[in-house]
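Enquirer: Sequence:
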Amino acid sequence: MSNEVESAQVSDAMEVAQLSSLAAVDSHAGSCEAEMPSRLLNDAVRSLPYHVVKDLLSIGVCSRCVLRILGTEDHIYCHSSFSQSMLCSVLEEVTGFKSECDFQFCSVCLGVLQLSYRDDKETLVKMESPNDMALVIAELVKKEGHQIDGFSLEVSIPQFILENESSLLSGMKKRYESEPWLQERLLSKCVSVKDVLKFAITKPLETLLDTKASASSFRIRLAYTHKMAFGNSVERNQGFKRRKIGTENGLQNVNDESVVANKDCSDYPTNETIAVTGRSSLKVPIDKVSEPCHLVYLCYRAHIYLCGRYLKYSRNVSQTRWIIDEERMGEASVEEIIGSNILPMCRGDNYKFHAAGREDIDVRMLGSGRPFLLEIQNARQVPSEETVKEIESKINGLENKLVGVKNLQVVGSQGWTLMREGEAEKQKQYCALVWISRPLEDEDVCSISLLNDMQILQKTPIRVLHRRSPLERKKIIYWMKIERIAESSQYFLLHLCTQAGTYIKEFVHGDFGRTQPSIGSILGCRAEILQLDVTDVKMDSF
Numbered sequence: 001m002s003n004e005v006e007s008a009q010v011s012d013a014m015e016v017a018q019l020s021s022l023a024a025v026d027s028h029a030g031s032c033e034a035e036m037p038s039r040l041l042n043d044a045v046r047s048l049p050y051h052v053v054k055d056l057l058s059i060g061v062c063s064r065c066v067l068r069i070l071g072t073e074d075h076i077y078c079h080s081s082f083s084q085s086m087l088c089s090v091l092e093e094v095t096g097f098k099s100e101c102d103f104q105f106c107s108v109c110l111g112v113l114q115l116s117y118r119d120d121k122e123t124l125v126k127m128e129s130p131n132d133m134a135l136v137i138a139e140l141v142k143k144e145g146h147q148i149d150g151f152s153l154e155v156s157i158p159q160f161i162l163e164n165e166s167s168l169l170s171g172m173k174k175r176y177e178s179e180p181w182l183q184e185r186l187l188s189k190c191v192s193v194k195d196v197l198k199f200a201i202t203k204p205l206e207t208l209l210d211t212k213a214s215a216s217s218f219r220i221r222l223a224y225t226h227k228m229a230f231g232n233s234v235e236r237n238q239g240f241k242r243r244k245i246g247t248e249n250g251l252q253n254v255n256d257e258s259v260v261a262n263k264d265c266s267d268y269p270t271n272e273t274i275a276v277t278g279r280s281s282l283k284v285p286i287d288k289v290s291e292p293c294h295l296v297y298l299c300y301r302a303h304i305y306l307c308g309r310y311l312k313y314s315r316n317v318s319q320t321r322w323i324i325d326e327e328r329m330g331e332a333s334v335e336e337i338i339g340s341n342i343l344p345m346c347r348g349d350n351y352k353f354h355a356a357g358r359e360d361i362d363v364r365m366l367g368s369g370r371p372f373l374l375e376i377q378n379a380r381q382v383p384s385e386e387t388v389k390e391i392e393s394k395i396n397g398l399e400n401k402l403v404g405v406k407n408l409q410v411v412g413s414q415g416w417t418l419m420r421e422g423e424a425e426k427q428k429q430y431c432a433l434v435w436i437s438r439p440l441e442d443e444d445v446c447s448i449s450l451l452n453d454m455q456i457l458q459k460t461p462i463r464v465l466h467r468r469s470p471l472e473r474k475k476i477i478y479w480m481k482i483e484r485i486a487e488s489s490q491y492f493l494l495h496l497c498t499q500a501g502t503y504i505k506e507f508v509h510g511d512f513g514r515t516q517p518s519i520g521s522i523l524g525c526r527a528e529i530l531q532l533d534v535t536d537v538k539m540d541s542f
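Numbering (full-length UniProt numbering), first residue to last: 1 to 542.
Honestly, I wouldn't trust all of these hints.
[As the list claims (entries may be wrong)] Below, a list of computed lysine-lysine pairs in the DSS-like style, where the Cα atoms sit at most 25 Å apart:
1. LYS54 x LYS173
2. LYS212 x LYS142
3. LYS121 x LYS288
4. LYS288 x LYS174
5. LYS288 x LYS173
No lab work stands behind these hints, which were simulated from the structure alone.
All figures in this text were calculated on a predicted structure; none of them were measured in a lab.
Whole structure, please, built from the sequences with the hints as guidance.
Expert: Structure, rendered in structure tokens:
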């Protein structure tokens with residue numbers, strides 16, 4: 001989990017750095033808003049090698065891809081006010097190239113930077129400018145009802161797009177290797193498809209949502225897929241290096257675009273090679289893209305965590321929901337009582353309950369309580385301190401008095417790490433009602449109290465062998481104390497402090513000799529445990 005957290009933080013930091021590196025684009029464009037945007041674009045296009053622009057347009061490369069691949073100064077094509085038609089007309093006007101058809105999907109980005117896609121109803125959507133896409137996203141965020149103070153924008157694209165670009169770049173290096181602009185532009189200034197799209201819609205999104213893009217727990221994700229990528233993924237993925245990064249659900253493979261961009265993919269099989277008279281050919285993986293990518297908009301919050309300690313007052317309440325053969329065990333569970341009261345206040349999709357160990361259904365959890373962590377998935381609202389206090393009061397005020405909570409608070413994902421670190425080191429205190437087969441003597445009370453830091457050996461208890469591995473475990477009993485019960489010679493309360501993971505019931509009765517020593521073997525008689533309470537869980541880190 002700590003690796004996931006660290007990787008997520010690195011990913012967020014990288015995203016902020018990428019946006020910052022392109023921030024000059026918006027600043028430059030914003031300062032020139034009084035001028036004609038087309039004039040800025042004209043100046044940028046005039047600095048390009050016209051013959052290369054014509055070559056790229058002729059093989060179906062869209063206007064934004066032409067400008068980003070050729071490293072247009074100041075990345076002016078990222079500006080959200082520039083529509084696709086404006087970019088296309090300026091390119092055609094300056095270079096003198098006229099496309100034979102009105103519109104076709106880009107052979108490199110598959111329509112991503114043309115703002116064209118199939119939605120979840122398979123309807124073809126064509127947008128003119130990044131402002132249009134930002135408006136759709138903003139409406140979705142507001143419809144979902146998210147309370148946000150920032151957002152992180154994520155874009156995922158098919159591997160096939162990277163292969164298209166890599167194949168094209170490789171061909172361009174061979175074709176124009178003797179031309180001076182190649183080293184200056186193609187090898188150092190090409191911006192990725194994802195970065196162009198992210199920056200183009202970030203500024204209008206900030207305006208519409210009235211907040212800034214940042215390393216936020218609230219994520220807006222644009223997930224592009226393409227049916228063509230699935231059919232070619234196996235053969236085309238071979239030879240590409242991949243790196244691993246952390247995500248909210250574990251490790252997954254992600255394309256390393258810096259590696260792909262520099263990889264020579266000129267030998268990849270293609271359906272058609274477009275030749276231009278007098279020059280070596282440019283290779284593209286496909287001659288014509290008939291379908292754009294499928295796009296799914298997602299907005300969600302990374303998991304939030306509430307931690308605290310719970311108390312369980314009933315001997316008929318399990319820690320988590322317990323169903324056997326469609327029959328419920330116990331009248332309720334700690335998990336459900338706490339989760340059902342917190343989830344509505346956070347307006348999340350679901351929750352997961354985590355605790356530092358567990359007690360049996362017939363064992364009460366008293367004293368300081370047991371540390372727990374409640375993970376809320378996709379919370380629309382992060383509860384304030386005041387709201388958290390209201391939740392705590394509500395749970396503690398329930399009529400049935402089955403469960404209580406204390407020290408409830410919102411924590412970052414580090415709460416998970418702290419709980420797991422402390423769990424291995426924790427000590428637990430118990431109070432057990434014990435019966436022995438003979439009268440309790442003063443000598444017994446004294447001998448038990450003198451046993452400090454006693455090591456015991458426990459085989460997996462018979463009662464849990466069906467679900468636990470048959471192991472031998474060494475555990476420590478730190479101290480014990482016997483409290484007599486008035487007018488009873490064979491019943492007493494045993495107070496003890498043990499290492500986490502000690503089976504207390506088996507330590508009392510011996511489990512047919514599977515726990516050595518036990519209270520029964522120490523006192524030299526039969527011993528049985530009648531009731532058990534956990535009175536303290538010592539975890540300094542939680």
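Enquirer: A separate judgement is required for each hint: does it hold in the structure or not?
Expert: Evaluation of the provided hints:
The suggested pairing of LYS54 with LYS173 holds, with an alpha-carbon distance near 16 Å, which does not exceed 25 Å. Proposed proximity of LYS212 and LYS142 is supported: the alpha carbons are some 16 Å apart, at most 25 Å. For the suggested pair LYS121 and LYS288, the alpha carbons sit about 24 Å apart, so the restraint of at most 25 Å is met. A C-alpha spacing of about 23 Å is found between LYS288 and LYS174, which places the hinted pair at or below 25 Å, so the restraint holds.
For a cut-off of 25 Å, the pair hint linking LYS288 to LYS173 stands: about 22 Å separates their Cα positions.
Taken one by one, the earlier hints all hold for this structure without exception.
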